[in-house]
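Peer 1: Starting from the given sequences, assemble the full structure and let the hints guide the process.
According to my numbering, the sequence shown is numbered sequentially starting from 14.
Distance ranges between label pairs, derived from CB positions: (1) 49 - 177: 44 to 54 Å; (2) 217 - 177: 21 to 31 Å; (3) 148 - 190: 20 to 30 Å.
What the hints contain is simulated information worked out from the structure, not anything from laboratory work. The beta carbon of each residue, even a glycine, is placed where N, CA and C say it ideally should be.
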Amino acid sequence: MEIIDISLVLDKNLAAWPGDTEFDYELTWKRSAGATVNVGALRLSTHFGTHVDAPFHFLDDGAKLDELPLATFLGKALVVHVRGAHTISRRDLARDFAGPTRLLIRTDAWTDHRRFPETISVLDLDVPDWLGSQGVVLLGVDLPSVDPLDSKDLPIHHALARNQITILESLNLKDVEEGVYDLVAAPLKVGGGDAGPARALLIR
Numbered sequence: 014m015e016i017i018d019i020s021l022v023l024d025k026n027l028a029a030w031p032g033d034t035e036f037d038y039e040l041t042w043k044r045s046a047g048a049t050v051n052v053g054a055l056r057l058s059t060h061f062g063t064h065v066d067a068p069f070h071f072l073d074d075g076a077k078l079d080e081l082p083l084a085t086f087l088g089k090a091l092v093v094h095v096r097g098a099h100t101i102s103r104r105d106l107a108r109d110f111a112g113p114t115r116l117l118i119r120t121d122a123w124t125d126h127r128r129f130p131e132t133i134s135v136l137d138l139d140v141p142d143w144l145g146s147q148g149v150v151l152l153g154v155d156l157p158s159v160d161p162l163d164s165k166d167l168p169i170h171h172a173l174a175r176n177q178i179t180i181l182e183s184l185n186l187k188d189v190e191e192g193v194y195d196l197v198a199a200p201l202k203v204g205g206g207d208a209g210p211a212r213a214l215l216i217r
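Peer 2: So this is what it looks like as structure tokens:
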């Protein structure tokens, strides 16, 4: 069995969304200072690093993170390469969805995670409805968003939600080959959360 960690490391070297909460981790109790144990305190945006977007992120009446079905985050996933594509079309993604119902897209459009990207690859507007017709329940990308970075109305987010497709963002798919894997990517159980970090793993 091969386990591939496709999560980004949460530390100060990872770029946050501009203007969002910066990552911070510190030891508030230290054995070196006389404490019996080391205890850390963590501060970060719910959208920092590899994370799941809940519909509540962009819909006031949308499902919150702790309300999403866990089965969405466990099961067969298809990794597809669309490296170099500015816009991702149905043709780019045309594969056999007879088994996997989770799609992970490797674009390589964000490879230096120390710097937030200026532009990213985005889906054509008709792709979410097509994915819904294929039975896809989760879409993962190696990007900080599924919409253009300057988008205000987030059409892809809304279209995916309309098709009951959960969003998994900021994956690390470097060196991951195309193919079918088992995915484990449950987010933290943040009560009422708009999003939350996930430890995403591929198993083959």
